[in-house]
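Engineer: Those letters in the sequence shown? Residues 1 to 82, by the UniProt record's numbering.
Don't read these hints as lab results, they were simulated from the structure.
Be aware that one or more of the hints could be misleading.
Straight line, CA to CA, 25 Å or less: simulated DSS-like cross-link-like pairs of lysine-lysine [said to hold, decoys possible]:
| hint | residue 1 | residue 2 |
| --- | --- | --- |
| 1 | 32 | 63 |
| 2 | 2 | 32 |
| 3 | 2 | 34 |
| 4 | 2 | 38 |
| 5 | 2 | 58 |
| 6 | 58 | 38 |
| 7 | 35 | 2 |
| 8 | 32 | 72 |
| 9 | 63 | 35 |
| 10 | 2 | 72 |
| 11 | 72 | 34 |
| 12 | 72 | 38 |
| 13 | 72 | 58 |
| 14 | 38 | 63 |
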Amino acid sequence: MKILHISDFHFGNSSLQQDTIYPTIPDDFLYKTKKFMKTELELPDLVIFTGDLISNGKIADLKSPIILDFLKYFTQNNIPIL
1 MKILHISDFH FGNSSLQQDT IYPTIPDDFL YKTKKFMKTE LELPDLVIFT
51 GDLISNGKIA DLKSPIILDF LKYFTQNNIP IL
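Can you build the whole structure from these sequences, using the hints too?
Structural biologist: See the structure below:
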């Protein structure tokens, strides 16, 4: 069984700040992550998501199109996410 463990994305306002040491743009980060998974990894049988997906704990952030699109990659391939 192939398991992909993903942890601590911390999406939210802080991930959009440009004055941090390592600024990240969620669209770019998730695009590159999906591209890496498609080209470098076999599809996993299971995805385990631990840690903080979002920074501020607001339910609205979980409905972000950026996050939903990323998670859709797994669901469209019938890969369960825990």
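Engineer: Work down the list of hints and note, for each, if the structure agrees.
Structural biologist: Results of checking the hints against the structure:
1. Proximity of residue 32 to residue 63 is assessed by CA-CA distance (about 21 Å); at most 25 Å being required, the pair is judged to hold.
2. The hinted pair formed by residue 2 and residue 32 meets the criterion: a straight-line CA distance of about 21 Å does not exceed 25 Å.
3. With a C-alpha separation of about 17 Å, the suggested pairing of residue 2 with residue 34 holds against the 25 Å cut-off.
4. Distance check on the hinted pair: residue 2 and residue 38 sit about 14 Å apart at the alpha-carbon level, within 25 Å; holds.
5. This hinted pair does not check out: residue 2 and residue 58 have alpha carbons roughly 31 Å apart, beyond 25 Å.
6. Distance hint between residue 58 and residue 38 is unfulfilled; the C-alpha atoms sit about 30 Å from each other, more than 25 Å.
7. Taking the CA atoms of residue 35 and residue 2, the gap is near 18 Å; set against the 25 Å cutoff, the hint holds.
8. About 15 Å separates the Cα atoms of residue 32 and residue 72, which keeps this hinted pair within 25 Å; it holds.
9. Of the supplied pair hints, the one linking residue 63 and residue 35 holds, its CA atoms being roughly 22 Å apart against a limit of 25 Å.
10. About 19 Å separates the Cα atoms of residue 2 and residue 72, which keeps this hinted pair within 25 Å; it holds.
11. Pair hint residue 72 plus residue 34 holds up; C-alpha atoms about 11 Å apart against a cutoff of 25 Å.
12. The hinted pair formed by residue 72 and residue 38 meets the criterion: a straight-line CA distance of about 14 Å does not exceed 25 Å.
13. For the given pair, residue 72 sits about 20 Å from residue 58 by alpha-carbon distance, which is consistent with the 25 Å threshold.
14. In summary, the hint linking residue 38 to residue 63 is supported, as the alpha carbons are separated by about 24 Å, within the 25 Å threshold.
In summary, the structure is inconsistent with hints 5 and 6 from the numbered list given earlier, while agreeing with the others.
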